[in-house]
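*Asks:* Listed here are the chains, written in short residue letters.
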Amino acid sequence: MSDIRLPRILDESYRVAWGDLCYFKENAVTILISCLIGPLLYLVAFGYGIGSGMQSGVDDYVRFIIPGIISMATLSATFSFVSSKILIQKLFYTSFDELLLCPIKPSSVVLGKCLAGILRGMCSCVIILMIGLLISPGIKVTAFLFVLAFIASLTFSLLGILAGLLAKKHNTLTVFSSLVIVPMTFFSGTIFDISNLPAVLKYAVYALPLTHQTESIRAVMLDLPIPWLSVVIMCIYCSVFFFVSYYLIKRRSF
Amino acid sequence: MGIIIKAEGLKKSFDGFEAVKGIDIEVEEGEVFGFLGPNGAGKTTSIRMLTTMLRPTSGSITINGFGLDKDLTEAKASIGVCQQHISLDKDITVRQNIKHHAILHKMPSKEINPRIEELSELMELGPHMDKEVAELSGGWKRKASIVCSIIHRPKILFLDEPTAGLDTKSRHMLWDLIRQLNHLGTTIFLTTHYIEEAEDLCDRVAILNQGKVVALGSPRELCDSVGRITVEYSDEKGKKTMLQFPDRESGKEFMATLKDNATMSLRKTTLEDVFLIMTGEEYFKGGV
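Taken in order, these protein sequences are the chains called L and G. Taken in order, the first sequence gives residues 1 to 254; the numbers are from the numbering used here. Taken in order, the second sequence gives residues 255 to 542; the numbers are from the numbering used here.
Calculated directly from the structure, the hints in this document are not laboratory data. Heads up, some of the hints might be wrong.
[As the list claims (entries may be wrong)] Derived lysine-lysine pairs resembling PhoX-like cross-links, with alpha carbons at most 20 Å apart: (1) G/K491 x G/K265; (2) G/K344 x G/K265; (3) G/K385 x L/K25; (4) G/K344 x L/K90.
Let's have the full structure, built from the sequences with the hints guiding it.
*Replies:* As structure tokens, this is what we get:
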């Protein structure tokens with residue numbers, strides 16, 4: 001990777017993202033509603049519906065679940081948007097080819113295709129956070145929370161790129177979502193305390209990036225000690241997804 | 255004028271099938287170079303390798319002096335590509351697609367809008383500029399796609415069957431545009447199924463068959479190489495045969511030997527005749 005020059009990469013990434021950002025700008029309301037409706041339903045259903053019977057390790061279950069819903073919203077807002085956009089642009093519009101014909105480095109293509117996903121993830125995070133503050137004013141909001149939300153949005157956008165690049169058919173992406181994303185959404189400590197899980201399941205759950213995202217965000221919002229190991233693991237996931245996507249684009253292996 | 259596109263020993267295999275079997279091409283700067291071949295001859299695979307979209311299995315490519323193995327980004331900056339399939343983003347408007355191409359090719363921002371206006375006027379795209387691509391017919395999409403490929407004034411323009419799906423008027427408009435761009439110094443690399451298009455536009459053509467270049471030269475040179483006069487005749491069963499001759503006299507001599515009831519004609523050899531001979535159509539006996 002001889003092209004690690006940040007200003008150039010950022011400039012090129014914006015150029016790559018320009019088309020997706022146009023689409024985002026013109027369809028912002030629809031896009032945000034579509035990615036918020038799920039997490040909000042979970043908040044109502046789990047927080048107020050069956051929440052009273054849940055053990056969370058925190059006195060107020062709604063306080064416990066809000067960071068989980070933020071994590072969930074970040075994942076749902078980024079992954080599906082980025083992966084389906086890449087797949088459609090690759091298979092049906094073939095406009096992804098055009099990016100590869102331009103004098104743009106593969107690293108910028110990867111980051112550029114993440115940008116709209118990150119924006120979507122951050123917007124979802126802020127909206128859920130505002131709702132969370134309304135219903136549970138005791139939760140803590142710091143700048144580090146936004147750093148974590150950014151890392152998560154970037155990581156899951158990169159996972160979306162990877163899935164979109166590797167999928168040869170729309171079906172493959174649906175199967176990947178059903179087998180990986182949906183279980184990850186529920187088993188990553190978003191809506192229940194994973195400390196109650198059997199040891200074997202706990203190992204599996206800690207292998208998921210969303211678990212570390214949820215634990216970090218929950219620690220910040222509930223004023224608990226920051227699990228730095230989880231933050232580092234998120235960064236490792238982020239780097240791995242980036243480098244694999246970079247390699248696939250550079251080698252045209254998709 | 256130097257060599258602006260150079261391919262040496264270009265090969266490409268897919269799962270053991272050799273689609274391109276060793277191509278050597280040199281395209282001069284300022285030339286309109288045609289790349290012809292029947293379906294499956296390896297044209298699109300070759301053009302995808304030349305335009306950096308596909309890595310060759312072996313061989314080397316140099317574009318505008320930049321080797322694709324070392325200076326990929328610099329080589330990409332020299333080219334514009336209009337792909338065989340329409341590769342526009344259908345979620346955004348035509349104008350946004352064109353502008354996105356300009357941005358991706360790092361055009362100075364103040365030049366972008368005047369250039370978009372200039373090209374939309376030239377291609378009569380005006381009324382469709384603010385429509386989403388999905389709303390347009392195939393011909394308008396093709397025009398928009400062509401505008402995207404030339405928005406950044408590339409030194410080399412690759413056109414992969416650009417007139418496919420265009421009506422006669424639009425096709426002529428595009429031919430004029432190709433001539434105009436070439437006049438301004440753009441080197442054009444054109445693949446087409448319309449032989450008369452290549453004959454009319456190209457300075458030189460390469461005919462590709464089964465992954466190999468089987469003929470290379472100007473349309474005139476190629477016609478001369480097989481015989482500049484063609485005699486076309488049908489036997490009693492209606493089977494059509496064509497034979498080429500070096501001149502009109504020898505053609506007429508041959509016609510005199512045919513039966514009186516045979517349907518026959520004598521005409522100039524066309525590039526289409528050369529194409530059919532070189533790509534092995536069986537009703538051609540070929541050669542002089």
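*Asks:* Each of the hints needs a verdict: does it hold here or not?
*Replies:* Status of each hint after checking the structure:
1. G/K491 x G/K265: violated (43 Å)
2. G/K344 x G/K265: Measuring from Cα to Cα gives roughly 34 Å; hence the hint is violated.
3. G/K385 x L/K25: holds (16 Å)
4. G/K344 x L/K90: Roughly 12 Å separates the two Cα atoms, so the pair holds.
In this structure, the hints that do not hold are numbers 1 and 2, in rising order.
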